[in-house]
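Please model the entire structure based on the sequences and the hints provided.
First to last, the protein sequences are chains A and B.
The opening residue of the first sequence carries number 84 in the numbering used here; numbering runs sequentially from there.
The opening residue of the second sequence carries number 380 in the numbering used here; numbering runs sequentially from there.
Not one of these hints is a red herring.
In silico BS3-like cross-links for lysine-lysine, where the CA-CA straight-line distance does not exceed 25 Å:
| id | chain 1 | residue 1 | chain 2 | residue 2 |
| --- | --- | --- | --- | --- |
| 1 | B | 757 | A | 361 |
| 2 | B | 755 | A | 361 |
| 3 | B | 754 | A | 361 |
| 4 | A | 177 | A | 368 |
| 5 | A | 288 | A | 342 |
| 6 | A | 212 | A | 151 |
| 7 | A | 246 | A | 214 |
| 8 | A | 151 | A | 258 |
| 9 | B | 836 | B | 652 |
Since the hints were derived computationally from the structure, they do not count as laboratory data.
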Amino acid sequence: MSDVGPPEVRPKPVVPAKPPNVGAPSPSNPFPPQGFGGGGASSSSGSILLGYIGIDTIIEQMRKKTMKTGFDFNIMVVGNSGLGKSTLVNTLFKSQVSRRSAGWARDDKIPKTVEIKAVSHVLEEGGVKMKLTVVDTPGFGDLINNDNCWEPISKYINEQYEKFLKEEVNITRKKRIPDTRVHCCIYFITPTGHSLRPLDVEFMKRLSHSVNIIPVIAKSDTMTIEERLEFKQRVRKELEMGGIEFYPQKEFDEDMEDKSDNDKIREAMPFAVVGSDKEYQVNGKRVLGRRTAWGIVEVENPNHCEFALLRDFLIRSHLQDLKEVTHNIHYETYRAKRLNANGGLHPISSNDTQESNL
Amino acid sequence: MTASSSMMTSLGQAWDQTGPRLVLDWSQSGPDWDQSGPDWDQSSGSLVNCMPGVKTPLTVDRSDADSTRAHSAVCRTTPTHPGDLVIWLRVQMTASSRSKSRAPRAGNPSRVIDVSISDQRSKPSRVLISSFRSRASWNASSQRMERFGCKTLVHAGRRSGLTYFPSPLSSRWPADEVLRSTPHTVENPEVLQKADRDYVGFATLPNQVHRKSVKKGFDFTLMVAGESGLGKSTLVNSLFLTDLHKDRKLLNAEERISQTVEISSLTVDIEEKGVKLKLTIVDTPGFGDAVNNTECWRPVTDYIDQQYEHYFRDESGLNRKNIQDNRVHCCLYFIPPFGHGLRPVDTEFMKALQQKVNVVPLIAKADCLTPGEVKKLKERLREEIDKCGIKTYQFPDCDEDEDEDFKRQDKELKESSPFAVIGSNTVVEARGQRVRGRLYPWGIVEVENPAHCDFVKLRTMLIRTHMHDLKDLTSDFHYENYRAQCIHTMTSKMDADKRAESPAPVLPLATPDEETEKLIKRKDDELRRMQQMLQKMQQQMHEQDL
Chain A
84 MSDVGPPEVR PKPVVPAKPP NVGAPSPSNP FPPQGFGGGG ASSSSGSILL GYIGIDTIIE
144 QMRKKTMKTG FDFNIMVVGN SGLGKSTLVN TLFKSQVSRR SAGWARDDKI PKTVEIKAVS
204 HVLEEGGVKM KLTVVDTPGF GDLINNDNCW EPISKYINEQ YEKFLKEEVN ITRKKRIPDT
264 RVHCCIYFIT PTGHSLRPLD VEFMKRLSHS VNIIPVIAKS DTMTIEERLE FKQRVRKELE
324 MGGIEFYPQK EFDEDMEDKS DNDKIREAMP FAVVGSDKEY QVNGKRVLGR RTAWGIVEVE
384 NPNHCEFALL RDFLIRSHLQ DLKEVTHNIH YETYRAKRLN ANGGLHPISS NDTQESNL
Chain B
380 MTASSSMMTS LGQAWDQTGP RLVLDWSQSG PDWDQSGPDW DQSSGSLVNC MPGVKTPLTV
440 DRSDADSTRA HSAVCRTTPT HPGDLVIWLR VQMTASSRSK SRAPRAGNPS RVIDVSISDQ
500 RSKPSRVLIS SFRSRASWNA SSQRMERFGC KTLVHAGRRS GLTYFPSPLS SRWPADEVLR
560 STPHTVENPE VLQKADRDYV GFATLPNQVH RKSVKKGFDF TLMVAGESGL GKSTLVNSLF
620 LTDLHKDRKL LNAEERISQT VEISSLTVDI EEKGVKLKLT IVDTPGFGDA VNNTECWRPV
680 TDYIDQQYEH YFRDESGLNR KNIQDNRVHC CLYFIPPFGH GLRPVDTEFM KALQQKVNVV
740 PLIAKADCLT PGEVKKLKER LREEIDKCGI KTYQFPDCDE DEDEDFKRQD KELKESSPFA
800 VIGSNTVVEA RGQRVRGRLY PWGIVEVENP AHCDFVKLRT MLIRTHMHDL KDLTSDFHYE
860 NYRAQCIHTM TSKMDADKRA ESPAPVLPLA TPDEETEKLI KRKDDELRRM QQMLQKMQQQ
920 MHEQDL
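Pasting the structure below:
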């Protein structure tokens, strides 16, 4: 999947400035014909251009730069064990990126507290390099007493913000601060068919203000289509009642177009997904799926499950937006809190340990 | 051939001391006696030339004729045993209009649900029943029925008006356990005369017991435990083909945060073929749902103990005629299929309950697992259950002299525990039939298809074969444990009280023990000395040899 044509997403630069509305950028043709003249790219500033300047090539320049530096993306998966978290991440990124526990032959016991395990891989596609870090949370919700099992996770997220803050506040700071902040947290909901569990609500309430949470319904091949719709409705209602703002948050929609796009997505969330890394032959095609005694569940078939929607949403349209919201909003909130609390520019770090493992 | 009818009791009376044998032969010829059917070989004591015949309708002598449709005819007397009613059982037959018909499968002797023998033509002196493969025979020396293809006959259900066959687990066949009386009995004087001399008649005791129990009705209490959303209510509905929870209010997550585990029990009276069953389902909503689930099984164990205590009090009371038995006979524990094995809450729950009630673990919602995953999960669960030392309900072993086939089925049943089940409240159209199932875009899951899930095995085990065993185990084992504990605590309390009351020191009851102990010690010393001497002598001999 190489992105030769114009990017499908409206490019938003890291610098929070409103990008110029670009008409139809064609990087291979930076010098459009003369007649392009005045009807060209002009934002709300309204000045008429008397000739072609070439401002729109900034897109191409940014693109070149990004391709050189690559970018990183950190994703965290949270949910009870056995819900298919690792499988889903592997299916999303079509490679073995997640810490696949030796699965069924695993001998180790369920950890006593929630652990945080981060694994990084570098994926390359179409000349673009991405450093993908998957943060796994084994032990979440597995104990008998799950009180405060979200604390280690919250702590980890804040630690990453702290790290970034310290780097930023340094007098001589690096040109490119390594970004380990969690950009997106996928929360796996058990498909009970009734409603959310108290643990789900507690977790999402506490963490929706520090990280982008995307709830998904795991192992959704347990439910028939009607059950799935009912369940989704009930879950959405409960999320609303609990005041849980999952990504894409309503308050951060920038304009009408954004709002309408995101509304559509919010209506369809939480996505009911099925993950699989095995391929089967269906109708002459090789598809990813699960073979049961009564049929093959195809992962990428929109009639079977909503994996394709999730993937498009997460990777193909909102990947950059996730990073932006994390940087501009969640990180800023944390930063403001910290600076206010310490009343100075150079905050005294409250915990000296830089380890992410607990 | 004298006129006959359904002559069950008289048949029983006519049986001679060598024991009854039932041979069922389904042969095409119907009313005509087919000379080429199975033969009783006197020397080998078994049937020879057994050729399965083709189905022919059997005359059914019952008022509700629609409920039993037999598929074969009875028809033959063997030359050596005149008067034998020979029914050669070969094909499955449907039982009642209420149950579903099962197609005969190749090589599977199948399950006969009811057999009603009412042959108009002859009055057999013996009725022999056997399946195609096995040839039942009465062993006079061991006084047992051997090689009896009992498995072809379903046992748990005692259908009124029909022949009742003993449980497949026992091949013992005392003279008349098989038959029960039907309204029509015709005495056949000649045959009777011959056998009456040696026949006392107490072999009809099981029939009397049967009649009494059917009148009284049965009761069964089933507890379902597990997290919410695992399909417990749906499974119970599918098992008993009723809708027990018509208007259930499902709480949402906010309301459930502050909820504790409660116990709700629902009683329903169902009747099938004249047999009444008072079914109580005990549900445990809220189990395992909260964030902090410490001791969430406490209300469950308390409830079970309460029922035992209630029964105990009733038993020790004055009026013991109508004791209500609300003790929990079986607890189905639902394990979620999403995990990789037992979770801590599962282990703790089963450990707390294994001594109090028969625990049957199940894998819930098994339709989200592929067959490979089901197998792996079952193995892992079995391993973990063994490792933690949890004693779940074990099926009793079948006897040694059962059929190979039956033993194999039994082994299969045992190996597929814990059962992976799927329940459904809806009926869907699959392969031209209406079955209970779940409709997915990628296929239809049939609840009663053994290739899809173990629901049929669970139902067979729970209702059709082991219901009584579960009840027996509850009252003989778990209840007795509870009772012993109870009495023990009561007496130790009494002792403590007594001792508190009497300030004088307790009599040295230990004196006799001391004496015996001294004796033992003396003997021990002697023994040791003798051993030492022996060793010395051996050494000396050894040295001498050298």
